[in-house]
Amino acid sequence: MVAKFAFHRLPRNTGGREIVALANDHIVLDRPIPPPRDDAASNSDFILEVRICDFEKRGDGMNAYIVYKLVTKCEGVPGISDRTYEVWRRFSDFLGLHDKLFEKYISKGIIVPAAPEKSIAAMTKTKATSDPATSRDVAVRRARQLERFLKRVVQHPRLRIDCDVRDFLTIETELPRASQTAALSGAGMKRMIKSVGEVFSKMAFHMEEGDRWFEQTQSHVEELDESLRKLLHLSESLTSTRKELAGAQESMSKGLSMLASCEESTALARALSHLTETEENTATLWAKQSEMDSIRFTESLSEYVGLVGSLKELFAERVRVWQNWQSAQQSLARKREQKARLELSGKNDRAAALRDEMDEAVRRMDQLEAEFGDLSKLIREEIGRFEVQRRNDMRQMFVEYLESLVQTHTEVIIFIRFGELQLKY
1 MVAKFAFHRL PRNTGGREIV ALANDHIVLD RPIPPPRDDA ASNSDFILEV RICDFEKRGD
61 GMNAYIVYKL VTKCEGVPGI SDRTYEVWRR FSDFLGLHDK LFEKYISKGI IVPAAPEKSI
121 AAMTKTKATS DPATSRDVAV RRARQLERFL KRVVQHPRLR IDCDVRDFLT IETELPRASQ
181 TAALSGAGMK RMIKSVGEVF SKMAFHMEEG DRWFEQTQSH VEELDESLRK LLHLSESLTS
241 TRKELAGAQE SMSKGLSMLA SCEESTALAR ALSHLTETEE NTATLWAKQS EMDSIRFTES
301 LSEYVGLVGS LKELFAERVR VWQNWQSAQQ SLARKREQKA RLELSGKNDR AAALRDEMDE
361 AVRRMDQLEA EFGDLSKLIR EEIGRFEVQR RNDMRQMFVE YLESLVQTHT EVIIFIRFGE
421 LQLKY
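Quick note: the sequence shown uses UniProt numbering, first residue 1, plus one each step.
Check before you lean on any hint, since a few could be wrong.
Said to hold, decoys possible - List time: in silico DSS-like cross-link candidates among lysine-lysine, alpha-carbon distance up to 30 Å: (1) LYS347 - LYS108; (2) LYS243 - LYS151; (3) LYS151 - LYS69; (4) LYS118 - LYS69.
Derived from the structure by calculation, the hints contain no laboratory data.
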(Lines of atoms letter the chains of each structure in order from A and count residues from 1; the text may use other names and numbers.)
(Lines give C-alpha, C1' and ligand atoms only; values in the text may rest on other atoms or scores of the structure.)
Protein backbone atom coordinates (compact mmCIF):
# COMPACT_ATOMS: atom_id res chain seq x y z
CA MET A 1 0.00 0.00 0.00
CA VAL A 2 1.42 3.40 -1.00
CA ALA A 3 -0.18 6.64 0.13
CA LYS A 4 0.90 9.83 -1.66
CA PHE A 5 -0.05 13.38 -0.85
CA ALA A 6 -0.56 16.26 -3.24
CA PHE A 7 0.62 19.81 -2.67
CA HIS A 8 -0.96 23.17 -3.35
CA ARG A 9 -0.14 26.75 -2.49
CA LEU A 10 -2.01 28.82 0.02
CA PRO A 11 -3.48 32.01 -1.42
CA ARG A 12 -2.37 34.01 1.56
CA ASN A 13 0.32 36.65 1.02
CA THR A 14 3.43 35.71 2.99
CA GLY A 15 5.64 38.69 2.30
CA GLY A 16 7.45 37.19 -0.68
CA ARG A 17 8.02 33.76 0.90
CA GLU A 18 6.32 30.72 -0.57
CA ILE A 19 4.44 28.36 1.73
CA VAL A 20 3.85 24.80 0.61
CA ALA A 21 0.88 22.97 2.09
CA LEU A 22 -0.89 19.66 1.95
CA ALA A 23 -4.43 19.48 0.71
CA ASN A 24 -5.78 20.06 4.22
CA ASP A 25 -3.81 23.31 4.59
CA HIS A 26 -1.15 21.87 6.91
CA ILE A 27 2.04 23.84 6.30
CA VAL A 28 4.83 21.36 5.70
CA LEU A 29 8.31 20.47 4.67
CA ASP A 30 11.16 22.65 3.64
CA ARG A 31 9.92 25.97 2.36
CA PRO A 32 8.58 27.36 5.62
CA ILE A 33 11.86 26.35 7.28
CA PRO A 34 14.50 29.10 6.98
CA PRO A 35 17.90 27.62 6.12
CA PRO A 36 20.48 27.90 8.90
CA ARG A 37 22.82 30.79 8.37
CA ASP A 38 26.33 29.64 7.61
CA ASP A 39 29.31 31.44 9.09
CA ALA A 40 31.39 33.44 6.66
CA ALA A 41 34.51 31.35 7.27
CA SER A 42 32.93 28.21 5.82
CA ASN A 43 31.31 29.80 2.75
CA SER A 44 32.76 28.52 -0.50
CA ASP A 45 32.06 28.29 -4.21
CA PHE A 46 29.76 25.30 -4.10
CA ILE A 47 26.06 24.53 -3.80
CA LEU A 48 24.66 21.83 -1.51
CA GLU A 49 20.91 22.21 -1.09
CA VAL A 50 18.95 19.58 0.82
CA ARG A 51 15.18 19.36 1.13
CA ILE A 52 12.48 16.79 1.83
CA CYS A 53 9.72 17.29 -0.71
CA ASP A 54 7.46 14.25 -0.30
CA PHE A 55 6.80 11.15 1.76
CA GLU A 56 4.98 7.83 1.42
CA LYS A 57 3.52 5.30 3.80
CA ARG A 58 4.52 1.77 2.86
CA GLY A 59 3.35 -1.54 4.22
CA ASP A 60 0.32 -2.38 6.35
CA GLY A 61 -0.36 -2.84 10.03
CA MET A 62 2.67 -3.35 12.26
CA ASN A 63 4.90 -3.55 9.17
CA ALA A 64 3.92 -0.04 8.08
CA TYR A 65 6.56 2.67 7.91
CA ILE A 66 7.05 6.05 6.26
CA VAL A 67 9.79 6.92 3.78
CA TYR A 68 10.83 10.45 2.88
CA LYS A 69 11.89 11.72 -0.53
CA LEU A 70 15.18 13.55 -0.13
CA VAL A 71 16.26 15.88 -2.97
CA THR A 72 19.86 17.12 -2.97
CA LYS A 73 21.31 19.61 -5.45
CA CYS A 74 25.11 19.49 -5.67
CA GLU A 75 27.48 21.79 -7.55
CA GLY A 76 31.19 21.93 -6.87
CA VAL A 77 31.05 19.71 -3.77
CA PRO A 78 34.25 17.65 -3.32
CA GLY A 79 33.62 13.95 -3.89
CA ILE A 80 30.09 14.39 -5.31
CA SER A 81 29.16 14.72 -8.98
CA ASP A 82 27.35 17.89 -10.03
CA ARG A 83 23.70 16.88 -10.34
CA THR A 84 20.43 16.64 -8.45
CA TYR A 85 19.93 13.44 -6.45
CA GLU A 86 16.61 11.97 -5.38
CA VAL A 87 16.62 9.22 -2.76
CA TRP A 88 14.07 7.68 -0.38
CA ARG A 89 15.04 7.27 3.26
CA ARG A 90 13.12 5.97 6.25
CA PHE A 91 13.27 7.48 9.72
CA SER A 92 15.67 4.87 11.08
CA ASP A 93 18.14 5.75 8.29
CA PHE A 94 18.40 9.29 9.63
CA LEU A 95 18.98 8.00 13.15
CA GLY A 96 21.62 5.61 11.84
CA LEU A 97 23.42 8.49 10.10
CA HIS A 98 23.41 10.50 13.33
CA ASP A 99 24.85 7.58 15.31
CA LYS A 100 27.67 7.11 12.77
CA LEU A 101 28.56 10.81 12.80
CA PHE A 102 28.40 10.97 16.59
CA GLU A 103 30.70 7.98 16.97
CA LYS A 104 33.24 9.42 14.53
CA TYR A 105 33.27 13.09 15.46
CA ILE A 106 32.46 13.47 19.16
CA SER A 107 36.09 12.67 20.00
CA LYS A 108 37.21 15.30 17.46
CA GLY A 109 35.41 18.14 19.20
CA ILE A 110 32.69 18.57 16.57
CA ILE A 111 29.08 19.32 17.40
CA VAL A 112 26.93 16.66 15.74
CA PRO A 113 23.37 18.03 15.36
CA ALA A 114 20.80 16.10 17.35
CA ALA A 115 18.44 13.92 15.34
CA PRO A 116 14.71 13.81 16.17
CA GLU A 117 13.99 11.30 18.90
CA LYS A 118 12.23 8.07 18.05
CA SER A 119 8.81 8.25 19.67
CA ILE A 120 6.81 5.18 20.64
CA ALA A 121 3.64 7.29 20.38
CA ALA A 122 4.50 8.35 16.83
CA MET A 123 5.39 4.76 15.91
CA THR A 124 2.01 3.59 17.23
CA LYS A 125 0.17 6.25 15.24
CA THR A 126 1.99 5.17 12.09
CA LYS A 127 1.54 1.42 12.51
CA ALA A 128 -1.68 0.93 14.45
CA THR A 129 -3.98 3.69 13.19
CA SER A 130 -6.17 3.31 10.12
CA ASP A 131 -6.76 7.06 9.83
CA PRO A 132 -4.58 8.50 7.00
CA ALA A 133 -4.78 12.00 8.53
CA THR A 134 -3.09 10.81 11.73
CA SER A 135 -0.19 9.18 9.87
CA ARG A 136 0.09 12.26 7.67
CA ASP A 137 0.38 14.61 10.65
CA VAL A 138 3.18 12.49 12.11
CA ALA A 139 5.00 12.38 8.77
CA VAL A 140 4.66 16.12 8.16
CA ARG A 141 6.09 16.99 11.57
CA ARG A 142 8.92 14.52 11.23
CA ALA A 143 9.73 15.68 7.71
CA ARG A 144 10.37 19.18 8.98
CA GLN A 145 12.49 17.91 11.88
CA LEU A 146 14.54 15.61 9.65
CA GLU A 147 15.12 18.37 7.12
CA ARG A 148 16.37 20.68 9.85
CA PHE A 149 18.74 17.94 11.00
CA LEU A 150 20.15 17.39 7.50
CA LYS A 151 20.55 21.11 6.84
CA ARG A 152 22.55 21.42 10.04
CA VAL A 153 24.74 18.51 9.00
CA VAL A 154 25.55 19.81 5.51
CA GLN A 155 26.09 23.28 6.93
CA HIS A 156 29.08 22.06 8.96
CA PRO A 157 32.35 22.26 6.94
CA ARG A 158 33.60 18.91 8.28
CA LEU A 159 30.38 16.91 8.32
CA ARG A 160 29.24 17.78 4.80
CA ILE A 161 32.28 16.09 3.23
CA ASP A 162 31.93 12.92 5.32
CA CYS A 163 31.61 9.72 3.28
CA ASP A 164 28.54 8.54 5.22
CA VAL A 165 26.79 11.87 4.57
CA ARG A 166 27.69 11.64 0.89
CA ASP A 167 26.33 8.10 0.60
CA PHE A 168 23.18 9.05 2.52
CA LEU A 169 22.44 11.90 0.11
CA THR A 170 23.40 10.26 -3.18
CA ILE A 171 23.01 6.45 -3.12
CA GLU A 172 19.62 5.67 -4.62
CA THR A 173 19.38 2.12 -3.29
CA GLU A 174 18.10 1.35 0.19
CA LEU A 175 20.64 1.64 2.97
CA PRO A 176 21.38 -1.30 5.31
CA ARG A 177 18.78 -1.40 8.07
CA ALA A 178 19.93 0.44 11.20
CA SER A 179 18.52 -1.99 13.76
CA GLN A 180 20.24 -0.31 16.71
CA THR A 181 18.00 2.74 16.31
CA ALA A 182 14.81 0.91 17.27
CA ALA A 183 12.79 2.52 20.04
CA LEU A 184 12.97 -0.72 22.03
CA SER A 185 16.18 -2.64 21.33
CA GLY A 186 19.14 -4.26 23.01
CA ALA A 187 21.37 -1.46 21.76
CA GLY A 188 19.07 1.07 23.38
CA MET A 189 19.37 -0.74 26.70
CA LYS A 190 23.16 -0.84 26.34
CA ARG A 191 23.22 2.92 25.73
CA MET A 192 21.12 3.44 28.84
CA ILE A 193 23.45 1.27 30.95
CA LYS A 194 26.46 3.09 29.51
CA SER A 195 25.01 6.49 30.42
CA VAL A 196 24.36 5.28 33.98
CA GLY A 197 27.95 4.05 34.16
CA GLU A 198 29.24 7.44 33.01
CA VAL A 199 27.24 9.14 35.77
CA PHE A 200 28.91 6.95 38.41
CA SER A 201 32.28 7.55 36.77
CA LYS A 202 31.80 11.32 37.07
CA MET A 203 30.96 10.86 40.73
CA ALA A 204 34.13 8.82 41.29
CA PHE A 205 36.43 11.17 39.31
CA HIS A 206 35.11 14.67 39.85
CA MET A 207 36.90 17.11 37.54
CA GLU A 208 38.01 20.36 39.11
CA GLU A 209 38.01 22.70 36.11
CA GLY A 210 41.35 24.48 35.87
CA ASP A 211 40.57 26.45 32.71
CA ARG A 212 38.56 29.56 33.52
CA TRP A 213 37.34 29.86 29.92
CA PHE A 214 35.78 26.40 30.04
CA GLU A 215 34.31 27.11 33.46
CA GLN A 216 32.60 30.27 32.22
CA THR A 217 31.51 28.68 28.94
CA GLN A 218 29.93 25.66 30.63
CA SER A 219 28.08 27.97 33.01
CA HIS A 220 26.85 29.99 30.02
CA VAL A 221 25.73 26.84 28.19
CA GLU A 222 23.80 25.61 31.24
CA GLU A 223 22.03 28.97 31.54
CA LEU A 224 21.32 28.99 27.81
CA ASP A 225 19.89 25.48 27.98
CA GLU A 226 17.61 26.40 30.87
CA SER A 227 16.43 29.61 29.19
CA LEU A 228 15.74 27.90 25.85
CA ARG A 229 13.76 25.13 27.52
CA LYS A 230 11.63 27.66 29.39
CA LEU A 231 11.05 29.69 26.23
CA LEU A 232 10.20 26.50 24.32
CA HIS A 233 7.58 25.60 26.93
CA LEU A 234 6.08 29.10 26.75
CA SER A 235 6.11 29.00 22.95
CA GLU A 236 4.25 25.68 22.93
CA SER A 237 1.72 27.15 25.34
CA LEU A 238 1.28 30.26 23.18
CA THR A 239 0.83 28.16 20.03
CA SER A 240 -1.78 26.04 21.78
CA THR A 241 -3.58 29.16 23.05
CA ARG A 242 -3.71 30.68 19.56
CA LYS A 243 -5.06 27.41 18.22
CA GLU A 244 -7.76 27.43 20.90
CA LEU A 245 -8.54 31.07 20.04
CA ALA A 246 -9.00 30.11 16.40
CA GLY A 247 -11.34 27.29 17.41
CA ALA A 248 -13.32 29.57 19.72
CA GLN A 249 -13.74 32.21 17.02
CA GLU A 250 -14.81 29.57 14.52
CA SER A 251 -17.44 28.34 16.99
CA MET A 252 -18.50 31.94 17.52
CA SER A 253 -18.95 32.45 13.79
CA LYS A 254 -21.12 29.33 13.56
CA GLY A 255 -23.27 30.55 16.46
CA LEU A 256 -23.69 33.96 14.84
CA SER A 257 -24.57 32.30 11.53
CA MET A 258 -27.32 30.27 13.19
CA LEU A 259 -28.64 33.42 14.87
CA ALA A 260 -28.63 35.33 11.58
CA SER A 261 -30.52 32.54 9.81
CA CYS A 262 -33.44 32.79 12.23
CA GLU A 263 -33.47 36.59 12.57
CA GLU A 264 -36.63 38.19 11.14
CA SER A 265 -35.13 41.67 10.81
CA THR A 266 -33.38 41.90 7.45
CA ALA A 267 -31.01 44.65 8.58
CA LEU A 268 -29.99 42.81 11.75
CA ALA A 269 -29.63 39.52 9.86
CA ARG A 270 -27.31 41.25 7.36
CA ALA A 271 -25.27 42.74 10.19
CA LEU A 272 -24.97 39.35 11.88
CA SER A 273 -23.86 37.80 8.58
CA HIS A 274 -21.08 40.39 8.24
CA LEU A 275 -20.00 39.76 11.84
CA THR A 276 -20.03 36.01 11.13
CA GLU A 277 -17.73 36.56 8.16
CA THR A 278 -15.39 38.70 10.25
CA GLU A 279 -15.14 36.05 12.98
CA GLU A 280 -14.59 33.31 10.41
CA ASN A 281 -11.81 35.23 8.64
CA THR A 282 -10.01 36.11 11.87
CA ALA A 283 -10.31 32.48 13.03
CA THR A 284 -8.58 31.40 9.82
CA LEU A 285 -5.82 33.95 10.37
CA TRP A 286 -5.16 32.83 13.94
CA ALA A 287 -5.13 29.17 12.89
CA LYS A 288 -2.48 29.95 10.26
CA GLN A 289 -0.52 32.06 12.74
CA SER A 290 -0.58 29.16 15.18
CA GLU A 291 0.92 26.89 12.52
CA MET A 292 3.52 29.50 11.60
CA ASP A 293 4.43 29.88 15.29
CA SER A 294 4.89 26.13 15.53
CA ILE A 295 7.04 25.88 12.40
CA ARG A 296 9.16 29.03 12.54
CA PHE A 297 9.42 29.58 16.28
CA THR A 298 8.63 26.52 18.40
CA GLU A 299 10.42 24.02 16.14
CA SER A 300 13.41 26.36 15.79
CA LEU A 301 13.67 26.61 19.57
CA SER A 302 13.36 22.84 19.87
CA GLU A 303 16.16 22.45 17.33
CA TYR A 304 18.44 24.70 19.38
CA VAL A 305 17.62 22.84 22.57
CA GLY A 306 18.94 19.76 20.75
CA LEU A 307 22.05 21.63 19.53
CA VAL A 308 22.83 22.82 23.05
CA GLY A 309 22.42 19.22 24.20
CA SER A 310 24.97 18.18 21.57
CA LEU A 311 27.29 20.91 22.83
CA LYS A 312 27.00 19.52 26.36
CA GLU A 313 27.97 16.11 24.94
CA LEU A 314 31.28 17.69 23.87
CA PHE A 315 31.94 18.85 27.42
CA ALA A 316 31.08 15.36 28.68
CA GLU A 317 33.54 13.86 26.16
CA ARG A 318 36.26 16.23 27.42
CA VAL A 319 35.56 15.13 30.99
CA ARG A 320 35.73 11.48 29.90
CA VAL A 321 39.16 12.00 28.29
CA TRP A 322 40.35 13.80 31.43
CA GLN A 323 39.15 10.89 33.58
CA ASN A 324 41.08 8.45 31.39
CA TRP A 325 44.15 10.64 31.77
CA GLN A 326 43.78 10.69 35.57
CA SER A 327 43.22 6.94 35.61
CA ALA A 328 46.45 6.46 33.61
CA GLN A 329 48.33 8.64 36.11
CA GLN A 330 47.01 6.60 39.01
CA SER A 331 47.92 3.37 37.23
CA LEU A 332 51.48 4.64 36.69
CA ALA A 333 51.76 5.66 40.35
CA ARG A 334 50.65 2.17 41.46
CA LYS A 335 53.20 0.51 39.19
CA ARG A 336 55.97 2.71 40.58
CA GLU A 337 55.01 1.81 44.14
CA GLN A 338 54.87 -1.86 43.20
CA LYS A 339 58.30 -1.64 41.54
CA ALA A 340 59.78 0.04 44.62
CA ARG A 341 58.42 -2.71 46.89
CA LEU A 342 59.83 -5.42 44.62
CA GLU A 343 63.27 -3.79 44.60
CA LEU A 344 63.24 -3.48 48.40
CA SER A 345 62.36 -7.16 48.73
CA GLY A 346 65.18 -8.13 46.34
CA LYS A 347 62.92 -9.34 43.53
CA ASN A 348 64.89 -7.56 40.82
CA ASP A 349 63.72 -9.83 37.97
CA ARG A 350 60.07 -8.97 38.55
CA ALA A 351 61.00 -5.31 39.03
CA ALA A 352 62.78 -5.30 35.65
CA ALA A 353 59.73 -6.84 33.97
CA LEU A 354 57.56 -4.17 35.55
CA ARG A 355 59.77 -1.44 34.10
CA ASP A 356 58.47 -2.18 30.58
CA GLU A 357 54.92 -1.87 31.83
CA MET A 358 55.81 1.47 33.39
CA ASP A 359 57.24 2.74 30.10
CA GLU A 360 54.01 1.76 28.35
CA ALA A 361 51.98 3.47 31.09
CA VAL A 362 54.03 6.66 30.65
CA ARG A 363 53.42 6.62 26.89
CA ARG A 364 49.71 6.04 27.51
CA MET A 365 49.56 8.90 30.00
CA ASP A 366 51.37 11.29 27.62
CA GLN A 367 49.04 10.26 24.80
CA LEU A 368 45.94 10.97 26.89
CA GLU A 369 47.36 14.29 28.07
CA ALA A 370 47.96 15.34 24.45
CA GLU A 371 44.48 14.09 23.50
CA PHE A 372 42.95 16.18 26.28
CA GLY A 373 44.82 19.29 25.15
CA ASP A 374 43.93 18.80 21.48
CA LEU A 375 40.27 18.15 22.29
CA SER A 376 40.09 21.26 24.47
CA LYS A 377 41.51 23.35 21.61
CA LEU A 378 39.06 21.88 19.08
CA ILE A 379 36.10 22.48 21.40
CA ARG A 380 37.12 26.13 21.78
CA GLU A 381 37.11 26.55 17.99
CA GLU A 382 33.80 24.71 17.60
CA ILE A 383 32.08 26.80 20.26
CA GLY A 384 33.31 29.97 18.57
CA ARG A 385 31.72 28.81 15.30
CA PHE A 386 28.56 27.76 17.13
CA GLU A 387 28.14 31.13 18.87
CA VAL A 388 28.43 33.11 15.63
CA GLN A 389 25.90 30.83 13.98
CA ARG A 390 23.56 30.91 17.00
CA ARG A 391 23.44 34.71 17.09
CA ASN A 392 22.63 34.89 13.38
CA ASP A 393 19.97 32.18 13.62
CA MET A 394 18.34 33.70 16.69
CA ARG A 395 18.21 37.13 15.08
CA GLN A 396 16.66 35.67 11.93
CA MET A 397 14.15 33.61 13.93
CA PHE A 398 12.92 36.52 16.05
CA VAL A 399 12.72 38.92 13.09
CA GLU A 400 10.65 36.46 11.05
CA TYR A 401 8.45 35.74 14.05
CA LEU A 402 7.75 39.44 14.57
CA GLU A 403 7.14 39.97 10.85
CA SER A 404 4.55 37.19 10.81
CA LEU A 405 2.87 38.70 13.89
CA VAL A 406 2.74 42.16 12.30
CA GLN A 407 1.25 40.72 9.12
CA THR A 408 -1.38 38.66 10.96
CA HIS A 409 -2.43 41.54 13.23
CA THR A 410 -2.59 43.88 10.23
CA GLU A 411 -4.90 41.50 8.39
CA VAL A 412 -7.02 41.01 11.53
CA ILE A 413 -7.45 44.78 11.85
CA ILE A 414 -8.42 45.03 8.17
CA PHE A 415 -11.13 42.38 8.60
CA ILE A 416 -12.44 43.97 11.79
CA ARG A 417 -12.59 47.45 10.26
CA PHE A 418 -14.26 46.14 7.15
CA GLY A 419 -16.81 44.34 9.31
CA GLU A 420 -17.36 47.52 11.31
CA LEU A 421 -18.08 49.49 8.14
CA GLN A 422 -20.53 46.84 6.97
CA LEU A 423 -22.35 46.98 10.32
CA LYS A 424 -22.63 50.78 10.16
CA TYR A 425 -23.97 50.92 6.64
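Against the structure, the hints:
no., hint, in the structure
1, LYS347 - LYS108, "violated, 44 Å"
2, LYS243 - LYS151, "holds, 29 Å"
3, LYS151 - LYS69, "holds, 15 Å"
4, LYS118 - LYS69, "holds, 19 Å"
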